[in-house]
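> The primary structure of each chain is shown beneath.
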Amino acid sequence: MKKKLKYIEEYFFRGIMFASTLFIMIILLTLIGSILIKGLPALSWEMITQTPKGGFYFGKEGGVLNAIVGSLYLSLGATALALVISLPLSLFINVHLAGTKWLVNSIRFLLDLLWGIPSIVYGAFGFTIMMYFGMRTSLLAGIITVTLFIIPIMVRSMDEVLKTAPRGLLEASLSLGSTKSETAYFILARQCITGIITAILLAFGRAIGDAASVLFTAGYTDYLPGSITDPVATLPLSIFFQLSSPIPEVQQRAYGSAVLLTFIILLISVLTRYFSYRYKKQSVKQL
Amino acid sequence: MENTTKIAISNLNCHIGNKLVLDDINVNIPERKLTVILGPSGCGKTTLLKSMNRLTDLYPEVKIDGSIVFDNEDILHPRTEIPQLRKRMGLLSQQPYPLPMSIYKNITYGLRIGGRQQKATLNGRVEQYLRQVSLWDEVKDRLHDPASALSIGQQQRLCLARGLAVDPEIILADEPTSALDPVSSKEIEELFLKLKNRYTIVVVTHILRQARRIADYIIFMYLGKIIEHGPAAEFFENPKNEMAKAYIQGLYN
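Heads up: the protein sequence lines correspond to chains A and B, in order. Just add 135 to wherever you are in the first sequence, counting from 1, and you've got our numbering. Just add 6 to wherever you are in the second sequence, counting from 1, and you've got our numbering.
Chain A extracted, bound-state conformation (with noise of 0.2 Å):
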């Protein structure tokens, strides 16, 4: 009776765990499925090769490129930004700092802190420090925006890798004369290679996947950005104004836009994985 009861149970949690799995795959399917459908018609060569022409916004000629090279301006140049700073600070705190617990572990509660603040207060902070400069709305602002909310992103992320590495190979290190900060950004930065793109990539998805930091910073406009003082637009800001339109040619193209930044972050994806593996092969492998 009891061993029958067991087995009720058993397959209880076992059908949970399947329907939950089940249904995060339907989500995930008819999300990339809807947006093809919706959006594949929409796209042209045109759509990734024009600015908006006069009737765009009625369904006329033109495309997004400015969102295209908006986007892709913007969230580099905050991503590389991010980086100088990014790596540096989880380095040291995982190489210099490594004994200090106690301050370690204030860093990282300090940066998951900043990390949960929503993206429209940096959008919001962002502004208020434009102001104070008399800045407009600009590239410039929107990259310094960007760079601010991706990087405890980034920092933690690289954080979580760095802190697996093995505290031997360190010290195998330090014992052959090198210093800190050699050992640092030779040995461990490189050990972990693999996990520091896969941080980059992470802060590059949530930076040109984000439209409310941008929002007030980086504004919009139908040109392409001749300075890092233009306005630009960005891909999830083209969708917002697109998707918001009554006319049925212009929400398709919103949706069309939406496969483009996909796919955007999928070939980045692909891209820096296909890199990373050469690396991946020199690791140590702890027993």
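Please keep in mind that the hints were generated in silico from the structure rather than gathered at the bench. Virtual Cβ for every residue (Gly too), placed ideally from N, Cα, C. Any given hint might turn out to be false.
[Unchecked claim] Short, incomplete list of chain A residues facing chain B, as computed with Cβ under 7 Å: (1) Leu304; (2) Ser313; (3) Arg325; (4) Ile403; (5) Val405; (6) Leu406.
Starting from the known structure of chain A, arrange chain B on it as the hints suggest.
For chain B alone, coordinates are given in the frame of chain A:
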């Protein structure tokens, strides 16, 4: 036969938090001899070893006082140039940690951060040190393969070669064979015997038979204290201390 002292440790105490892990250590490490620090696990052997090249600095909860004099300099002095000090003492750890790069670069890493960069010199050094650890013939055709592709035993010999390449005077080895199979362990032991004419070697081990095979000088530790130390032959044939006697008879193993 009188030995020259390479490292003189006196009144060394070490606390981790509130726990006393090294209790008034006074001992001299003889030059160009193989000294074995013997004792059961957790008796402070590794801490003693790592305090010699100040790897204990990595753990702020470890507090050390006393003096460790190495070539007339107290290395515990706050102004000691630690990277320079560590370069003079190669470390071999329990488990091999090859650097995440090729076999070739594992050997040249120490040289390159030291500033010597002539390509021909580097090639020569790589061959010289890989030969010294009898690894050259096994890897000469794949020097640019990742070091992680080697077997564990080969990795440990590579780590030894990498340490020798920066020209140390001392080799510190922390249970260097504990992750290895018997054949690889034997290779490491033979290398030590070969190298002890040129380097001062300090090996931490809890394996009695290994100590018998390789030691010139024994430091026997128990619970943070040095119970007995002296030339190996004397120690094994005629231990003065009861505890040492019991350990030798295998009562603690």
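> The structure should be examined with respect to each hint, and the outcome stated for every one.
Right, here's what the structure says about each hint:
1. Leu304: 5 Å, holds
2. Ser313: Nearest chain B Cβ about 5 Å off; hint holds.
3. Arg325: Since the shortest Cβ distance to chain B is 5 Å, the answer is holds.
4. Ile403: 24 Å, violated
5. Val405: 23 Å, violated
6. Leu406: Cβ of Leu406(A) sits 22 Å from chain B, so the hint is violated.
Figure legend: structure checked against the earlier numbered hints; hints not met, in rising order: 4, 5 and 6.
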